[in-house]
Amino acid sequence: MDYPALTMHALKDLLAAGEVTPLTVTEALFARIDSLEERIGAFITINREQALRRAEETGRQLARGEGGPLCGIPLAIKDVICTKGLRTTAGSKILEPFIPPYNATVMDKLEEAGAIIIGKLSMDEFAMGSANENCAYGVPKNPWNREYICGGSSGGSAAAVAADESFASLGSDTGGSIRQPASHCGIVGLKPTYGRVSRFGLLAYASSLDQIGPLTKDVRDCALLLNVISGYDPRDSTSVQQAVPDYQAALTDGLRGMTLGIPGEYFGEGLDPEVEAAVQGAVARLQEAGATVRQVSLPHTAYGVAAYYIIAPAEASSNLARYDGVKYGMRDMDAETLLDMYKKTRSKGFGSEVKRRIIMGTYALSSGYYDAYYKKASQVRTLIVRDYQQAFAECDVLVSPVTPTPAWKIGEKSHDPLSMYLSDVLTIPANLAGIPGLSVPCGISRAGLPIGLQIQGPHFQEEKLLRVGFNLEQRLDMAGRKPDL
Amino acid sequence: MNISKEEVAKVAQLARLELSEQEVLEITGQLDRILGYVAKLNEIDTTDVAPTTHAQAINNAFREDALQPSLPQQEALANGPRQNGEAFVVPRVI
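Keeping their order, the protein sequence lines are chains A and B. Mind the numbering: the first sequence is residues 295 to 779 in this note's numbering, read in order. Mind the numbering: the second sequence is residues 356 to 449 in this note's numbering, read in order.
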C-alpha cells in the first residue's frame with residue numbers, strides 16, 4: 295500500500311485496526327522524502343533517528359490500546375515553531391545553530407497526542423514573504439510544476455503535504471502565510487482566530503497578527519489537527535479562554551440555513567479569469583448543498599495591504615531586535631566593540647527582505663512619523679474590523695478567492711517587493727481583524743496549477759468554515775487529486 | 356521622494372544594521388515606492404476613529420504571582436555564542 299498518499303484520518307484508522315505499524319509508515323515516508331527532496335526541497339532539517347525511535351515507542355502504545363488522537367502519525371513542522379532539542383532556524387542564517395531548549399506549546403500538544411516529528415520545513419525568513427524565495431536554505435518548488443513558487447511564507451509546509459512528504463503540517467499565518475501556499479499547492483490550510491491557538495514558542499514576526507494553524511490533505515484532517523492544537527495557554531496571555539468544540543462533529547451537516555456572503559471588492563481588477571471561474575463554480579456547488587448567497591461589501595479591502603505593510607514591519611522591527619548575537623544564534627566573532635558586534639551580526643545574519651522590513655518598521659515608528667504611519671494604519675485597521683462586523687450581520691461566512699492569481703514562476707516577482715506585497719491583498723484583512731480564514735482547493739488552471747477558495751468567518755466560528763469547506767470538498771472531489779511526481 | 360538615502364542610513368543605524376552604499380541605494384528606492392503606495396491611507400478620513408492595536412478585546416491578562424519552574428541556567432546559556440558557564444560574554448563595554 296502507498297502509505298504516504300493517505301490522509302491522516304485514513305492512516306489513523308489503519309493504525310488503530312493494527313493493519314500497519316507507525317514504524318512501517320515512518321520508514322515508507324522517509325523513503326519517499328529521500329526520493330523526492332532533491333526535486334522539491336521542502337525540508338530544512340530531517341529528524342530521522344529520533345523519529346524512528348519515536349515510531350517504535352508509539353507502536354508499542356498502540357499495541358497496548360493506548361495513545362492520543364495522533365498516535366503514530368508522522369508530521370513535519372514549519373521551522374518557525376520551537377522544537378526542543380531540534381534545530382529551529384526560521385529560515386534565517388542568524389539562527390543557523392539554534393537548538394531550542396524548550397517546546398512551543400503546540401509541540402507539547404502534538405507530542406502528547408502521539409505525533410512523530412520527522413523534520414522542520416522551509417519558509418521565508420522569519421515568515422516574511424509570499425513565495426518562499428527568501429529562505430537562507432534554498433527555495434522549495436511547487437509539486438504541481440517545479441518551475442513555479444509554492445507560495446509563502448509556509449511554502450515548505452504546503453509543498454511537503456502536497457507531495458505526500460508529510461501527512462500534515464503546522465504553519466504560521468501573519469498576512470496569508472498558511473492560506474496562500476495551501477491554495478498554490480492544492481491543499482487545505484486554516485488560519486484560526488487570533489487567540490485560538492497558543493503562540494508560545496512561535497518565533498514572533500508581528501505579534502498582533504501571527505497565528506499558528508494546520509495545513510492538511512483534506513478538511514477532516516484540518517478539523518482533527520485544529521482540535522489537538524487549540525485552547526487557552528497561560529504562557530500566551532493573548533490566547534483566549536473559550537471552550538474548544540469538537541471540530542469534526544459538525545462537518546457532515548449540510549448548508550441549509552447558511553448564508554454565504556460574496557464580497558464584491560474581492561472580485562475586482564487584477565483577478566485572474568480562471569480563478570474567478572473556479573470560485574464561481576465553487577459557489578454554485580455550495581448553493582446546491584443548500585446555502586443561500588448574497589452580495590456584501592467590505593469597502594476598505596483595498597487599504598489592507600497599505601495598513602499591513604506599516605503595522606507588520608513596525609512590530610517586526612521590535613520583535614527582531616532580540617537577534618543581536620548575545621543569547622543565541624550566530625555572532626560575528628571579529629567585532630571589537632559591542633555596537634559593532636550587534637551591527638555586523640545582524641547585517642550578516644539577516645537577508646535582504648528582513649532588513650527591508652526592519653528599516654521600514656523602524657522608520658514608521660520613529661519620532662515625527664509615528665502618527666502619520668503607525669497611528670494612521672491602526673485607525674484604518676479599525677475600519678477594516680468594522681467592515682467585517684457589518685458584513686457578518688448579513689451573512690454567516692464570506693467566500694472569495696484566496697489569491698488573485700494562481701502561483702507564478704520562481705523569480706518572476708522577486709526583484710519587485712511591492713508587486714509581491716500586493717499579491718496578499720485578499721488574505722491580509724483577516725489577520726488585521728483577527729478572524730479565521732480557510733483555504734480549500736476549488737479548481738486547477740489550464741496550466742495545471744491549483745486554485746483555492748477562501749472562507750472567512752467571525753471570531754471563533756471555525757466550525758462553520760470547516761463545514762462549508764467539507765461540503766465543497768465532497769461535491770468537487772478535489773481531495774484525491776495529486777500532482778504527478 | 357518619500358524618503359532620502361540619508362534617512363535610510365540613519366534608520367539603519369537605529370536598527371543596528373550596517374548597510375553597504377549599494378544596499379542603502381536599493382532600499383531607499385524600494386522604500387520610496389512602498390511609502391508612495393501606503394500614502395493611499397491618506398485618502399481615508401480617520402478623524403475620531405480609535406486605533407486598533409490588537410485583534411481581540413482582551414484587556415489585562417492577570418495571573419497569580421506564584422513561583423513557577425523556569426529554564427535552568429546551563430540550558431538558558433547553552434545557545435550563547437560565547438558564555439562562561441554563568442553569563443553571556445560580550446566585547447568589553449566600559
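Treat the hints with care, as some may be off.
Result set (BS3-like, lysine-lysine): computed pairs, CA atoms no more than 30 Å apart in a straight line [to be verified]: (1) A:Lys387 <-> B:Lys360; (2) A:Lys638 <-> B:Lys395; (3) B:Lys395 <-> A:Lys621; (4) A:Lys758 <-> B:Lys395; (5) A:Lys378 <-> B:Lys360; (6) B:Lys395 <-> A:Lys649; (7) B:Lys395 <-> A:Lys387; (8) A:Lys703 <-> A:Lys642; (9) B:Lys365 <-> A:Lys703.
Treat the hints as calculated values from the structure; they're not laboratory data.
Evaluation of the provided hints:
1. A:Lys387 <-> B:Lys360: This hinted pair holds, its Cα atoms lying about 27 Å apart.
2. A:Lys638 <-> B:Lys395: The hint is violated at about 36 Å.
3. B:Lys395 <-> A:Lys621: Distance ~40 Å between lysine 395 (chain B) and lysine 621 (chain A) Cα, so the pair is violated.
4. A:Lys758 <-> B:Lys395: violated, 34 Å
5. A:Lys378 <-> B:Lys360: violated, 42 Å
6. B:Lys395 <-> A:Lys649: OK: lysine 395 (chain B) and lysine 649 (chain A) at ~24 Å, within 30 Å.
7. B:Lys395 <-> A:Lys387: violated, 35 Å
8. A:Lys703 <-> A:Lys642: The given pair, whose Cα atoms are some 28 Å apart, holds under the 30 Å limit.
9. B:Lys365 <-> A:Lys703: Status violated; Cα separation ~36 Å.
When each numbered hint is compared with the structure, violations occur for hints 2, 3, 4, 5, 7, 9.
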